[in-house]
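Here the protein sequences come in this chain order: A and B. Using this note's numbering, the letters of the first sequence map in sequence onto residues 1 to 344. Using this note's numbering, the letters of the second sequence map in sequence onto residues 345 to 684.
For the record, the hints were derived by calculation from the structure and aren't laboratory data. Any given hint could turn out to be false.
To be verified - Label-pair restraints from in silico Cβ distances:
#1 B:MET381 x A:ARG269: 37 to 45 angstroms
#2 A:GLY200 x B:ASP460: 48 to 56 angstroms
#3 B:ARG382 x A:GLU173: 50 to 58 angstroms
#4 A:PRO59 x B:MET469: 43 to 51 angstroms
#5 A:THR16 x B:LEU380: 43 to 51 angstroms
#6 A:GLY73 x B:TYR462: 36 to 44 angstroms
#7 A:THR30 x B:GLY503: 39 to 47 angstroms
#8 A:SER81 x B:ARG382: 51 to 59 angstroms
Just so we're clear, the structure is a prediction, and the values are computed from it rather than from any experiment. In this text, a Cβ means the ideal position worked out from N, Cα and C, and glycines have one as well.
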Amino acid sequence: MSALLDVRNLHTEFRTGAGVVRAVDGVSYTVDPGETVAIVGESGSGKSVGAMSILRLIPDPPGRITEGQVLFGGRDLLGLSAEEMREVRGGEIGMVFQEPMTSLNPVLTIGRQITETLEQHRGADRATAERRAVELLGLVGISDAERRLKQYPHQLSGGMRQRIMIAVALTCEPRLIIADEPTTALDVTIQAQILELMTGLTRRLNVALIIITHNLGVVARYAQRVNVMYAGRLVESGPAAEVYHDPRHPYTMALLRSVPRLDRPRQARLDPVEGQPPDLTRLDAGCAFRPRCRFAIAACAAARPPLEEAGARGHLSACFRRDEIGAALAANPAANQAANQAVA
Amino acid sequence: MSVAAVDTRPVRSLDARPLLEVKGLRMHFPISEGVLMRRQIGEVKAVDGVDFSLKRGETLGLVGESGCGKTTTGRCILQLERPTGGEILYDGVDINTLPPAGRRALRRRIQVIFQDPYSSLNPRMKVGDIIGEPIAVHGLVPDATKRVARVRELLSICGLDPNFADRYPHEMSGGQRQRVGIARALALEPEFIVCDEAVSALDVSIQAQVINLLEDLRERFGLTYLFIAHDLSVVRHLCQRVAVMYLGRIVELAACDELFDNPLHPYTRALLGAVPIPDPTVEAGRVFQPVRGEVPSPINPPGGCVFHPRCPVAVDGCKRTRPELRELRPGHWVACSEVS
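Given these sequences and hints, build the entire structure.
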């Protein structure tokens, strides 16, 4: 099966007063048809900029995609004209953003925002578009569709607005949906509803999904594959179970260790990732995680470790010591969890 | 969880009298309409009859979703709102009957750490002035040179380089700023700190650092925390007792381990079920049914039990009678008529 999306060596940079920020610095990954891939990372890791680069939604200036290819169904999106790109956005690729209040148009009715997409992309007439809109609202679990279509975004709750965003994203039967922190602004119970809805629908309609999130729990519940980003680079990538149970990058290990978990006994102290996030204007030639890394050696200062096979098939890590870490973990499976266990 | 997980963290004083007692707290905000002829057309019952108490040295978690009244409860205790009903007794004294001088003295003893370190620090002030200002206002260290030394000490207590006193907030990362917010709260040597979503805005890798700092400070200075948060795993880690709020009321209150191991209220169960565990294997084995519906409006809350429209175990009676908090096991309070 050939990949639906093939991102190759993507570079996006921003020119700021403090210098050039390489927000995305050579990122490559693929997404198969119907697959759910999570991109995990903290603020400034480049996870959102990477996704916006796929859609070419980077404000220029100050931003610019300087290198790479984004092959979607075999076409390089970076080579398309602005006109062609508009066709792709909201057409073959749907989008769901974090804050539905700012990504929906406040002066258009819900109905209009859906029918507009249909008229633009499909050349549908009003009546057909309206019928489809009612159908879509039903699909995302909104009852009383006729009345809702006449309402404006401010009349709806946050969860309801996010359902509308999903309906808009699904309008033109996309092959891929990119969801950037789709539930971060929502409450826990609503977050669960929206994620269930989104993953249920994409599975049923065989739509591939890229979820960008910082929530490791959400990834564990919904993603088949995980890409972990740090300082603009992919540091680890692989099947979710592999990455969680056999992490091969010290950053992933540290992240998993630092979160308190409801399913484990309470521990006396948390084991945080020490230090501060990197300043992207001051990166050197070495590994960006080096100053916070417990496993750093001299080689880490000399060059950036490339993303290479580690352990199981399809599991990649950008760490010089990825095999040693794996061996240590295999010898003592509790090593990464030890700190998480009860010290009661 | 076993007996081994019983809390062994020290509670400083075994003083029988609670440090803080909240009794029947109500905060109803009026909703007005009209431009020339303002008239009240309704009210938002943000907090609608909340009772709890806190011992010296204890950490109580207040959890719930947006709009449940947890922040308003905190603001009433901080005297940032004047409650419309009920009492808040601090060290045995009703804070709303205090004369202005007494209220001011109390403000020194009760401090707050806010959620967003980006908006809660004045961007035009240097970090040293942000922390030094409350010390000067309350006349704790009148001598300016000594005050500078005190500010540097506070920075280092909070794990920051004392030279950060000369920086502006925008020169720091989110985690560092939150440490400044904590140093400011400590500046007045308070006994009691309201932590309102104090770690929610921080990145995962930084969150654990700040949680550890809050625990260290609690131990070092014998602090009492009211920890307001929506992240249940963080609350479980930090708190000795937890109160779950829904639409202005406490629906369940228990010792931390008891609440998480043996949740009784259907809403608490729904909340716990909604939290995804960062482990794909555990998640694959969980049967997950998200709670239906959304939180109703606090302007016109449902009659009877406020959770009944979303509740999986609701019966007819729940629509009519509002269940009171009952002590079903020692120290475990639940406001639900259908559990026993």
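* Please name the hints from earlier in the document that this structure breaks, with their numbers sorted from lowest to highest. => Hints 1, 2 and 4 not satisfied by this model.
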